[in-house]
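For chain L, the structure is supplied; the task is to place chain W on it using the hints.
Which chain is which? The protein sequence lines are L and W, in order.
Counting from 1, position 373 in the first sequence corresponds to residue 373 in the UniProt record's numbering; the numbering is continuous, with no gaps.
Counting from 1, position 257 in the second sequence corresponds to residue 257 in the UniProt record's numbering; the numbering is continuous, with no gaps.
These aren't lab readings, by the way, just hints derived from the structure by calculation.
None of these values were measured; they are calculated from a predicted model.
Only true hints are included.
No farther apart than 16 Å at their CA atoms in a straight line, the calculated lysine to aspartate or glutamate pairs in the EDC-like style are these:
| no. | chain 1 | residue 1 | chain 2 | residue 2 |
| --- | --- | --- | --- | --- |
| 1 | L | 378 | L | 186 |
| 2 | W | 69 | L | 13 |
| 3 | W | 90 | L | 115 |
For reference, the chains in residue letters:
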Amino acid sequence: MIHSLFLVNSSGDIFLEKHWKSVVSRSVCDYFFEAQERASEPENVPPVIPTPHHYLISVLRHRIYFVAVIQSEVPPLFVIEFLHRVVDTFQDYFGVCTEAAIKDNVVVVYELLEEMLDNGFPLATESNILKELIKPPTILRTVVNTITGSTNVGEQLPTGQLSVVPWRRTGVKYTNNEAYFDVVEEIDAIIDKSGSTITAEIQGVIDACVKLTGMPDLTLSFMNPRLLDDVSFHPCVRFKRWEAERILSFIPPDGNFRLLSYHVSCQNLVAIPVYVKHNITFREGSSQGRFELTLGPKQTMGKGLEAVLISSQLPRGVLNTNLNPSQGTYNFDPVTKLLSWDVGKINPQKLPSLKGSMSLQAGASKPDENPTINIQFKIQQSALSG
Amino acid sequence: MSASSAFNDEKGGSSNVGEPEYGHDPASGGIFSSDYKRHDDLKEMLDSNKDSLKLEAMKRIVAMIARGKNASDLFPAVVKNVACKNIEVKKLVYVYLVRYAEEQQDLALLSISTFQRGLKDPNQLIRASALRVLSSIRVTIIVPIMMLAIKEAASDMSPYVRKTAAHAIPKLYSLDPEQKDCLIEVIEKLLADKTTLVAGSVVMAFEEVCPERIDLIHKNYRKLCNLLIDVEEWGQVVIINMLTRYARTQFLNPNMNVSTADKEEKEKKKTEATAIVRRKPYVMDPDHRLLLRNTKPLLQSRNAAVVMAVAQLYFHLAPKAEVGVIAKALVRLMRSHSEVQYVVLQNVATMSIKRRGMFEPYLKSFYIRSTDPTQIKVLKLEVLTNLANETNISTILREFQTYIKSNDKDFVAATIQAIGRCATNIGEVRDTCLNGLVQLLSNRDELVVAESVVVIKKLLQMQPEQHSDIIKHMAKLTDNIQVPMARASILWLIGEYCEHVPKIAPDVLRKMAKTFTNEEDIVKLQIINLAAKLYLTNSKQTKLLTQYVLNLAKYDQNYDIRDRARFIRQLIVPTDKSGALSKYAKKLFLALKPAPVLESPFKDRDHFQLGSLSHLLNAKAGGYQVLPDWPEAAPDPSVRNVEVPEWTKCSSREKRKEKKADKPFYSDSEGESGPTESADSEDEKKSEKKSKPRIGSSESESEEDNDSESESSESEEESEEESEEEIKKKKKRDKTHTFYIGVQMFATICKPAWLNMQFLLNPLPVSVPQTIVPSGNLKTYELLHRITGEGLSVEYCFSRQPFSPDPHMVAVKIQFTNSATSEAKSLHVEDAKLQSGMRIKEFPEIEVLPAGETVSVVMGIDFCDSTQAANFQLCTHTRKFFVSIQPPVGELMMPIFMTENEFKKEQGQLMGMNEITEKLTLEEKCQGEHAIVQRVTTAANLSRVPCGSDKEFAGKTVTSGSLVLVSVVTKENGAAQLTVNCEKMVIGTMLVKDILQALTQ
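So here's chain L without its partners, still in its complex pose:
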C-alpha cells in the first residue's frame, strides 16, 4: 500500500518525509516536479503519476502537495481519501495546516503518521482515537509540559481502538452537556449571460459539536426527510434505521465531526439569492473597453448578503483597468489578468456597482473570449433547500 509520504511546499522543496516500509529515495519526487512544471496551474498536476518503479499519488491542500509513493496496485481513491484524512487530522490538531505549523510540530506530525498507517495500511484514522493516543498541543499543555516534563503522548493506553464504537473515546465527562448542530448549505449554480440558470445544485452538510458525558445514543428526526435523498453519513450513523425510518440514530464521536452531507439535485430549480447586471464591451479598433457590474439581492427572505466576493478572469488582451467601486475594494492583477472585488455586505437600498474602463493592448484586436464572473457570498440563517 502506501510506501512513503513526501510533503512538498509550493516552491518545490520537500520539507517532510516519512517511510512506512523500506526507504524510498526522495529522488522519486523528481518525476513529480517534472509533472508540476508541465502543468500550467498548481491544481493541474495529475493526481496519479506513473514512474518506472513507483506510482506517485498526490493531493494539493493548503498549497502543500502531499505525495504518496506506492509500488503496486491499490485503488487510487483509497490513497487520495487517506491523504485528505491526514490533512484533516493536521488541521484538527494544529488549527491550520501550513508548512510552518507542520515544521513546528514535526514530532507530533511524525507520531500521528506513525499511528495512522501501519505498513502502509490505515490503522487509526478516527480523530477521537488519535487524540487519546497523542494529545493535541495547546498553550496550556506546552506550558505544563515544560514545567513538569510530562509529555504529549497519552499516559494511559487507549482503549478506544478496542471498542465496538471505535470513533468515540471512552470515559468522556462534561459538566455542561451540550450538542450543537450547524447546517451549512452551499449552492452551486451556472448562470448564462442573460441571467437564466443553466444548472444549480445544493450541497449541504450538518456539522456537529457534541460534548456529552458517557456513551450517549442520539436520535435525530427531520421534519421533511424526503429532501435528503442523497446523503452520506459519518460511520457512526446506523444505516438500517435511516433506511427504514428516516431517523438518524447514532453514538456520536466526542467533539467536532461531520455528521452527514447531502446533495439536493439540480432538478428542482433553486432560487438564486443574488443577481448581477453586467455590461462588458470591447470596441473594435479602440484600445478601450467598458466595464460595468451591478449586483443586488434577489429572494433572500430578508436575510442580508454578506462577504460578497467577485472575481473575474479578464481576457489576455486587457492591460489594465480603471474602475470605480461604489463600495468595497477591488484589485486587478495585470499578470494573471484576474480581477477581484471584495464587496462585503450588500445594502439593498444602495446596490454596489463597479464601473469604469479597461485599457487594451494597443493594436490588438477585440478579444473574443467572454469573461466569466464568479461570485461568492454568504447568507446567515437561511436554508436554500427549504
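For chain W alone, kept in the frame of chain L given last:
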C-alpha cells in the same frame, strides 16, 4: 499560535541543559563539523538518566529524520533507550528503530528481547504494539522469531492483537517470501475470525500474500458479506474489491440473458408465483444476491473510496437493471476534492460508454464550471460526449458553444474535438456541427483554428462531395495557419479530394513547394503525398512541381521523408525499369479511404477492474489481479456452506436474507465479548423506548414497517397496496379466526381501507373500541373458587384484545359471579405483589355486584414477557383474597401481520440460538391444515401468515415487541416439524412445549 508554543517548549527544554546554542533548530544543517558536534551532544543527552533530556534528544533526532537528514550514526545510543519507562521516549525510539534497523541489522538485534518480553504482557495493547514494532523491523535474521510471534498472536484472545497479527503478515512476506506457506496457514485461520476488527486487515494480508488462493474465501464468504457494514472504512474497500473478484469466479453472469427481467421484482412476485408460469432461465445465486444487497447501503459512506468500491462492484456484478443505483452516489462524489473528482470522472467516463442511460438524468452535473482545473474539464467533456444522444445533443452543443469562448486553450481544443465526436456519432447534427466548426476557422486564435481543421478533416471524410466549398475555404487558410498538424490536415484533404477542387490544388502545391524546406516533418510528408496524388490525377500541370518536391525531399534531414520520397518516385514516375507496382499507383493512392471512427479513449477500458490504479493509467500496474471473466457454468455453490450450525440452516434464499439486518448497527459478530453485547441490547431497548411514544402517529409507523420489510422492493406504495389486498383476501376466507374478527369489527367502524391497514400494522391502535371478543374459544381459568370466595367466584381469561390504556400490557378479562345471597360491594384490586418490572392496571372498582349477577371487567398486566405470576389481593367490602394470575406463554404475545416474504426474511435473522426446531407426530384429528391452524392459534396468540405455503404464524411479545415466529411443516404420515424463532430464548422454549402439546394431544 500552538505552533510557536511548541517551538518555545523545545527551546525551553534545551536551555535546561545549558547549551542554548543548539536548541534553536536542531537539524537545520549548517556546516558539517557543527553537525558532527551536535550528534555528540545528542549522544550525551541520550545517555543521561533524565527522561526529559532523553525526550528532548529524541525529538531532535526525529525532526532530523523527518527532514531526510541521516541520523544513523546515533543508532547505538538510541537503541539503548528502547526499554525506557517514558512512553513518549519509547515511541520515538520505535520510530527511529523502524527507520534505521534495516541499515544496522546487528545492532537492531539488541532491541529484540524487549519486544519479545512485550509479546507476553498481560495488557493486549502492549502485546499488540510489541508485535507491531517487531514485525516492522526489517531484519532477516529474526524471521523465525516473527513467524512464531505472528502464529501466537493469531490465536490471541484479544481481537486487537489478532488484527495486529494480520497486519504483520504482509510485512513478513515482503521480508521473506519463502514463508508463504506458513503465512497462508495463519491467514486461513484469521479469515475464520468473526470480529469486524480483524476482517479488513486479514483480507488485506490475503490480497498481498496469496490473492490466487480464492478457495480460502469460500467458507468465509457469507460471513464477510454480513460483517461488511461494520468493518472500518479502509477494510471495507479491500474486502469489496476482493469479493468482486471472487464473485466473478463463482457466480454466473446475471446479464447473459438480456431478457432477464429485474431480479428484485421476481423475488417480490414469488408470493404470487403460482400465477406466473413463465420460467426464467437464469436464477441468481442467493450468495450473489447477498453480496449485492449487503454492499448497497455503503453507497452512502462518507468515504469516497468505499463508494467507488461499491460502484465498481455493482458495475461488474449486478444485473443491468440494478446498476443504476450507483449513479447518484458517484455524482455526489463530484462535489468532493478535485483529486477525487479526477478519479471518479475517469471511472464515470468508462461506465458511461457501456451504460449511457445510467448517467443521463445527471447530465447537468457534468456541466463545466469555470473554476474547475483543466484536467477535470477535459474529463467532464469526455463524459458529456459519451452521454450525447439525439434527444440531448442540442443542449450539449449549446454548452459546448459557451466552452469554446473559454480562456483555457487546452480546454477549447478538447471541446472542438468533442464536437467532432458528437458529429460523427449523431448523424442529425453533423451539418450543424460542421457549420459551427467552419465558423471557428475564422477565429483569431490559431490553436482553435488548427484544432477545428483537424476535426473538420475527419468529418469531411464522411461526405466530401457536398463540401467542396469548405475545402476551398480551408485551402485559403494555408497562408495563415502555422500549427503543423492543421497544415498537414489541410494538405491531406486537398490531396484526397483534388478532383473536387481541380483549380486550387495545383496552386496549393506550388505554394507548399516554395516553403517546403521550412516545414515541419509531418507537413513535409503530406506535401509529398499531395504531390503524388496530383501527379496521378493532373500530371500535366504538376509534373514539374512534383519532381521538384521529390528532389527537395531526397536531401531532407529526416530519413522518413527521404524514404518516402524514394518510394513515391519509384511508384509514380514512369521509368524504364519501373516495377510492377507502378501500374497500381493510382489504386494505391486514390483508393477510397474509410471514414475514421472517432472513439472515446475510455472505450474498452473496462477490462480493467474499475476504480483500480491500472484502470486509471490504462496499463497494468504491478500486483494487479485480473478480473476474471464469468464462468460458463457456475462452480458448486455448496462450497460456501459452513458446518457451523448457524450457517447450515440458511439453505433457502429468503432465510439467509438480511441475517443481520436488524441487529444494532455497531454489533460485532458472534465472537464479540460479553459486555459489549449487553450494551448493544441496551441500546436497542433504549431506542425502542424512544420510538414508542411516536407510534401513535400512524403514518410513519406503517411506512416504517413496510420499508423495513420490503427493503428489496423499490416502491413502498406498491408493496403497501399489495399487502392490503392480501389482507382483504384473507379476511374473506378466514373469518372464524379471532384475530380477524377483531379486524372486521374495526373495519366496519372505519371504512377507509388504509386505516384498516394501519390497524394491522400498528400493534397499538389508540382508537380501537374496547370490544369484548365473543369468548367461545378462549380458555378460562379460575381465579377464585366459589367456596373460598364465600359465594364470589372469579374467573379470568386472556381476551387477546390489545389493552388500550397501555399497549405493553396483556388484557385479562375477569368475570365476577356473585353466587352468594347478599350483594358484594366495592370489588377492587389492592396491594399487588409484583416481580420487579411488572405492572398492573387495575380495573375500575365495581361498586355493587348484586346476588346472582355476573359482571366482566378488563385489567391490564405487564408481565415483562415472563410467565411469572402476578400476585395481588382482590378485595370486597368485607374480605381480601390473595390471588394470582399466571399467563400461559402463548398469551404473552400479540399477533402481527406479515407477508410470507417478510416472514422468511425475519426468520432468516433469527437463527442459531434463537431458533428451536422439534420433530413431532401430529395427532390423527389434527392433520388437516385447519385443525393445525386452530390449535396453534389457540395455544398462542399469533396470526397466521396469509397465503403461506407452510403453516406460518407471526406475533410479537407484548412488552418488548420481540418477534415470535412459528412455522409448522407437515410431512406424510402425520410427521411434522415445528420451528419457533424468537429472540427471547426462554419464551421460545416454552412456546415450543405448549404448541407441541396442543398439536399432539
